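With the numbering used here as the guide, the letters of the sequence shown map in order to residues 228 to 769.
Wrong hints could be hidden among the right ones.
25 Å max Cα-Cα, derived PhoX-like pairs, lysine-lysine [claimed, not checked]:
| # | residue 1 | residue 2 |
| --- | --- | --- |
| 1 | K521 | K634 |
| 2 | K487 | K425 |
| 3 | K634 | K647 |
| 4 | K487 | K437 |
| 5 | K280 | K647 |
| 6 | K574 | K521 |
| 7 | K437 | K425 |
| 8 | K280 | K615 |
Since the hints were made in silico from the structure, they are not lab data.
Since the model is a prediction, treat every value here as computed from it, not as a measurement.
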Amino acid sequence: MQELLAEQMLVLFAILALGSWLGQLSWRGLSLGAAGVLFVALVFGHFGLGVPKAVQDLGLLLFVYAVGLSAGPRFFRAFRRHGMRYVLIALVTVTTGALAAVGVALLFNLPGDLATGLYTGALTCTPALAAAVDVVERTLPASGATVSVGYGVAYPFSMISVVLLVQFLPRLLRRNLRNEEAAWQVERSAETPDLQVKTYRLTNPNCAGKRVAEINPHRMALANISRVKRGERVFAAGPDVRLELGDVVMVVGPLDELEKLQLLLGEEAQERLDVNTTVLSMDVEVAEESLTGKTLASMRLWEQYTLVITRIRRQGLEIAPTGNATLEMGDHIRVVGDRDAVQVFVKLVHGAPRRAEETNMLPFLIGLVIGIVVGSIPLNLPNGITIKLGMAGGAFIVSLLIGHFGKIGPFHLYVPPAAKNLSRELGLMLFLAGAGTNAGAQFLSVLLAEGWQLLVAGALITLISLIAGLLLMDRVYHMNLLASMGALCAAMTNPPGLGAANAQTETDLPSLSYASVYPTALIFKIILAQVLVEVLRWVTAR
Numbered sequence: 228m229q230e231l232l233a234e235q236m237l238v239l240f241a242i243l244a245l246g247s248w249l250g251q252l253s254w255r256g257l258s259l260g261a262a263g264v265l266f267v268a269l270v271f272g273h274f275g276l277g278v279p280k281a282v283q284d285l286g287l288l289l290f291v292y293a294v295g296l297s298a299g300p301r302f303f304r305a306f307r308r309h310g311m312r313y314v315l316i317a318l319v320t321v322t323t324g325a326l327a328a329v330g331v332a333l334l335f336n337l338p339g340d341l342a343t344g345l346y347t348g349a350l351t352c353t354p355a356l357a358a359a360v361d362v363v364e365r366t367l368p369a370s371g372a373t374v375s376v377g378y379g380v381a382y383p384f385s386m387i388s389v390v391l392l393v394q395f396l397p398r399l400l401r402r403n404l405r406n407e408e409a410a411w412q413v414e415r416s417a418e419t420p421d422l423q424v425k426t427y428r429l430t431n432p433n434c435a436g437k438r439v440a441e442i443n444p445h446r447m448a449l450a451n452i453s454r455v456k457r458g459e460r461v462f463a464a465g466p467d468v469r470l471e472l473g474d475v476v477m478v479v480g481p482l483d484e485l486e487k488l489q490l491l492l493g494e495e496a497q498e499r500l501d502v503n504t505t506v507l508s509m510d511v512e513v514a515e516e517s518l519t520g521k522t523l524a525s526m527r528l529w530e531q532y533t534l535v536i537t538r539i540r541r542q543g544l545e546i547a548p549t550g551n552a553t554l555e556m557g558d559h560i561r562v563v564g565d566r567d568a569v570q571v572f573v574k575l576v577h578g579a580p581r582r583a584e585e586t587n588m589l590p591f592l593i594g595l596v597i598g599i600v601v602g603s604i605p606l607n608l609p610n611g612i613t614i615k616l617g618m619a620g621g622a623f624i625v626s627l628l629i630g631h632f633g634k635i636g637p638f639h640l641y642v643p644p645a646a647k648n649l650s651r652e653l654g655l656m657l658f659l660a661g662a663g664t665n666a667g668a669q670f671l672s673v674l675l676a677e678g679w680q681l682l683v684a685g686a687l688i689t690l691i692s693l694i695a696g697l698l699l700m701d702r703v704y705h706m707n708l709l710a711s712m713g714a715l716c717a718a719m720t721n722p723p724g725l726g727a728a729n730a731q732t733e734t735d736l737p738s739l740s741y742a743s744v745y746p747t748a749l750i751f752k753i754i755l756a757q758v759l760v761e762v763l764r765w766v767t768a769r
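Using the sequences provided together with the hints, build the complete structure.
Laid out in structure tokens, this is it:
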């Protein structure tokens, strides 16, 4: 048996398997999810079994990288709309925790270095712990262990309490998750409305004889004319097609944009434009890499294929296919044109369908390398304080940018949804296995040596921070419950909490909110942890 337990990979996968089984157990609709791995790892760690730190670090990297890639396409749009709100949520939660750390240090007469460690553990922030240890050891070499002890005591309670709070939050606030999902869908539709289809009869003489390309040249309305019916004949509306009075045109775009174009064209018509069997409309997934990254204008689809693209759906968003729009791997597009031309183009777009299920590993790995490098860059602040984002923080920020732009230099990155889910879930489980065994190894011994007041002190910092953040989100900003879950987990830099939030919804709102708060919260914690070392030394010395 001892020989088997000496195999670290066996221990690792035993923790993952047992933790997954525990996480699937449900009681009154509540389950631990991925956090089951943490509980099992605590037990294994208590009995001296561990997981290599490299595995834990790899798991954290994979998790935050996958979250960033998923949230990137919507992150900057959401931040532009709610940016200051997310900054304040992070600032209030993190600063409240720091003030609570000063308070418990005075209340329980704790050493400043130990209280700083409690702060980093209570807000589950390993980069902040590293920053605090670095400051302590600069003045007193080999004294950073005290900070780590505080972190180890406060970390398990914080990790577990956030997961449980996310599970119970709907009942605690008496909010229905399905209603919250519906409200989010309405808000998202208002921000990026789905494309609608309407037909209009051309009655404006000023448009008669004009080419389709001349009807809406400056994009007064973000809508596209896709088909034209003249008499009994229906044909695709290429840019060089000239319109005549009495033509019935099919227009695709958001509803408010269609209303703008109606003012230009004429009255709405209730006619079907699919009676001509020579015109074909098909939905197809882009799986040909040579088509990605190019603008529709540069592809000259009408000139080369006599067809038009009327819709682009990307990661749940519908995009009006303007000339500046680009295609990306995995996009779902609607193509309208002559039947033969559409069939030829669809074969091209399909490319090698297997590629739509594959990840281009070169840009994926380059992004991780860049993220680790960014996280290791020292940032100099006033008063001689130097901070680093850490490899997880750097990888997260880089992945947000890659997810937004879809490429790294000349390399386009497409990660299938299934691959993102695997990276996110497996990464989270690996991280929890390492964090749990590390905490379990010293949990009881630290409590017996330092007293239960340490556990109480760490719990107070966690709870005060959670209450401050939750009050701000619920009472001041009246945020969607799913958004509050994600923001709260980000403010506490708690990946398992996000996993618990995602398990309760089919939407990506928790991840989007998490991504919006996480970078700011991470930076604030790294700075405050280093400031706390100096402040608590001064306070406890008086």
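Against the structure, the hints:
Of the pairs offered as hints, the one joining K521 and K634 holds, with about 12 Å between alpha carbons and a cut-off of 25 Å not exceeded. Pair hint K487 plus K425 holds up; C-alpha atoms about 12 Å apart against a cutoff of 25 Å. A C-alpha spacing of about 16 Å is found between K634 and K647, which places the hinted pair at or below 25 Å, so the restraint holds. Between K487 and K437 the alpha-carbon distance is near 18 Å, which keeps this suggested pair within the 25 Å criterion.
Of the pairs offered as hints, the one joining K280 and K647 holds, with about 23 Å between alpha carbons and a cut-off of 25 Å not exceeded. At roughly 18 Å between alpha-carbon atoms, K574 and K521 fall within 25 Å of each other, so this suggested pair holds. Of the supplied pair hints, the one linking K437 and K425 holds, its CA atoms being roughly 20 Å apart against a limit of 25 Å. Annotation: proposed proximity of K280 to K615 holds, straight-line Cα distance about 19 Å (limit 25 Å).
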